[in-house]
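Trainee: Sequence:
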Amino acid sequence: RHPLLILRRPLWFLLLSLLWLLIAQAFDAYDLRVAGRFSSSALAVLKAGLVTCGVYLLIPYITPALPSSRSALLAFPLIAVGALMAARGLYRVALTGPALHRRALIIGAGWAGRTIAKALAEQGDGTYHIVGFVDDDPAKQGLSLPVSRFPIPVLGNRHALPALIRQHGVDTLVLAITHDVNGELLQTLMDCLELGVEIVPMPVLYEQLTGRVPIEHVGSNWYVAMPIHHPLTRPFNRVVKRIFDIVGATLGLIVLAVMFPFIALAIYIDSPGPIFYSQWRVGQGGRLFRVYKFRSMVPDAEKGQAVWAKENDPRVTRVGRILRKTHVDEFPQFINILKGEMSAVGPRPERPEFVEELAREIPFYRVRHAVKPGMAGWALVKYGYASSKEDAKIRLQYDLYYIKHWSLWLDLVILLKTIIDTLTFRGRA
Numbered sequence: 001r002h003p004l005l006i007l008r009r010p011l012w013f014l015l016l017s018l019l020w021l022l023i024a025q026a027f028d029a030y031d032l033r034v035a036g037r038f039s040s041s042a043l044a045v046l047k048a049g050l051v052t053c054g055v056y057l058l059i060p061y062i063t064p065a066l067p068s069s070r071s072a073l074l075a076f077p078l079i080a081v082g083a084l085m086a087a088r089g090l091y092r093v094a095l096t097g098p099a100l101h102r103r104a105l106i107i108g109a110g111w112a113g114r115t116i117a118k119a120l121a122e123q124g125d126g127t128y129h130i131v132g133f134v135d136d137d138p139a140k141q142g143l144s145l146p147v148s149r150f151p152i153p154v155l156g157n158r159h160a161l162p163a164l165i166r167q168h169g170v171d172t173l174v175l176a177i178t179h180d181v182n183g184e185l186l187q188t189l190m191d192c193l194e195l196g197v198e199i200v201p202m203p204v205l206y207e208q209l210t211g212r213v214p215i216e217h218v219g220s221n222w223y224v225a226m227p228i229h230h231p232l233t234r235p236f237n238r239v240v241k242r243i244f245d246i247v248g249a250t251l252g253l254i255v256l257a258v259m260f261p262f263i264a265l266a267i268y269i270d271s272p273g274p275i276f277y278s279q280w281r282v283g284q285g286g287r288l289f290r291v292y293k294f295r296s297m298v299p300d301a302e303k304g305q306a307v308w309a310k311e312n313d314p315r316v317t318r319v320g321r322i323l324r325k326t327h328v329d330e331f332p333q334f335i336n337i338l339k340g341e342m343s344a345v346g347p348r349p350e351r352p353e354f355v356e357e358l359a360r361e362i363p364f365y366r367v368r369h370a371v372k373p374g375m376a377g378w379a380l381v382k383y384g385y386a387s388s389k390e391d392a393k394i395r396l397q398y399d400l401y402y403i404k405h406w407s408l409w410l411d412l413v414i415l416l417k418t419i420i421d422t423l424t425f426r427g428r429a
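Start counting the sequence shown at 1; every next residue gets the next number (our numbering).
Treat the hints as calculated values from the structure; they're not laboratory data. None of these values were measured; they are calculated from a predicted model. All C-beta atoms, glycine included, are put in the ideal place defined by N, C-alpha and C.
Taking lysine to any residue and the SDA-like style, the derived pairs with C-alpha atoms no more than 25 angstroms apart in a straight line are:
no. : residue 1 : residue 2
1   : Lys293    : Leu416
2   : Lys339    : Leu408
3   : Lys393    : Val204
4   : Lys389    : Ile215
5   : Lys417    : Gln284
6   : Lys417    : Val255
Restraint-style ranges between C-beta atoms, simulated for each label pair:
no. : residue 1 : residue 2 : range
7   : Glu184    : Gly89     : 45 to 51 angstroms
8   : Leu90     : Ser17     : 14 to 20 angstroms
9   : Arg360    : Ile199    : 34 to 40 angstroms
10  : Leu423    : Gly183    : 53 to 59 angstroms
11  : Arg315    : Gly183    : 57 to 63 angstroms
12  : Trp111    : Phe260    : 49 to 55 angstroms
13  : Lys118    : Phe260    : 44 to 50 angstroms
14  : Pro162    : Trp409    : 39 to 45 angstroms
15  : Arg360    : Leu193    : 40 to 46 angstroms
Hey, can you work out the whole structure from these sequences and the hints?
Mentor: What follows is the structure in structure tokens.
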């Protein structure tokens, strides 16, 4: 065989592996809530496996030559997806059994403690078995607190920790208190470390389970929510992200140029008036800029007053509903990206009228302006659009997680999730 063909084989395998990891993340195949149930896990693997195989077979320049027979062509995705589902079934049987559960004791039975207990019960993939709470409040001693579907007992106070660890075989202590750790508690925790347990702060574990920063539960530990040294403070990362934005926005504008005549005609026939719509939004550093969109509502929909957009909003036109469902109404924002006002991925830009109000009521709200706003975003693909203050608070938790954990890989996953939402009409109505 030609030596170049042999050298290309590792490249094919590497590309296929990277393609699988990216698409599997976009379909949540590695999400603990999905992996915890075989039915949902198998469905996610099936979707991701078929899409991966399809893309792999349809890109002849970076994949091996197509099989010579139809049976071989059909066998490739069947074998690949079958092997993936078998592996996931083995994971479910072998790695999530009771013998491998981590027995957790939660220090603090207040709001933060109950929140992390609920997250562990609903999104922990059965990895953690909650033994109980420990709390110094005498009124809570001996109580069983309802969390999710099961009551969890308060087993004692901080002085009982070493004995409880030995009695229940505890592996993990979850520190769910919102005040400073005093000297006495710190000494008790060090005694627990000597027993071989791990100690995890509640906000850290909550982030791992949900992809959100629990801003209501950080208390005096404000540094947990503040992305002080987030990745985009580094010049190299900013340059990489900017190059990524320019390339993506250029390709997007090429697609938009092809689609524009048809979109413009449909908008005008359905609802005569302007084709484009612009609004003032708050960008990085609190600077104002005009964001561009295709008009999806009737002209003068707000009558000069800022109003939250709602699900099935009656002001949305028929064509506008399709544009929103497919996110096509956002395509003119490729111009904002090239101008440097926005990024391809980041927190969605909010209107200044809402920002002032939300910043007064929601802690850490202005931290989302530490990076450029995005056309797509972690909060958007995980939660959707905001139509109330409560929605804005939850979206902020996702935005802070994105800022703290930014990577080019995370941007690619978010963009692929957005493309899937576009193709499956999952945008707002």
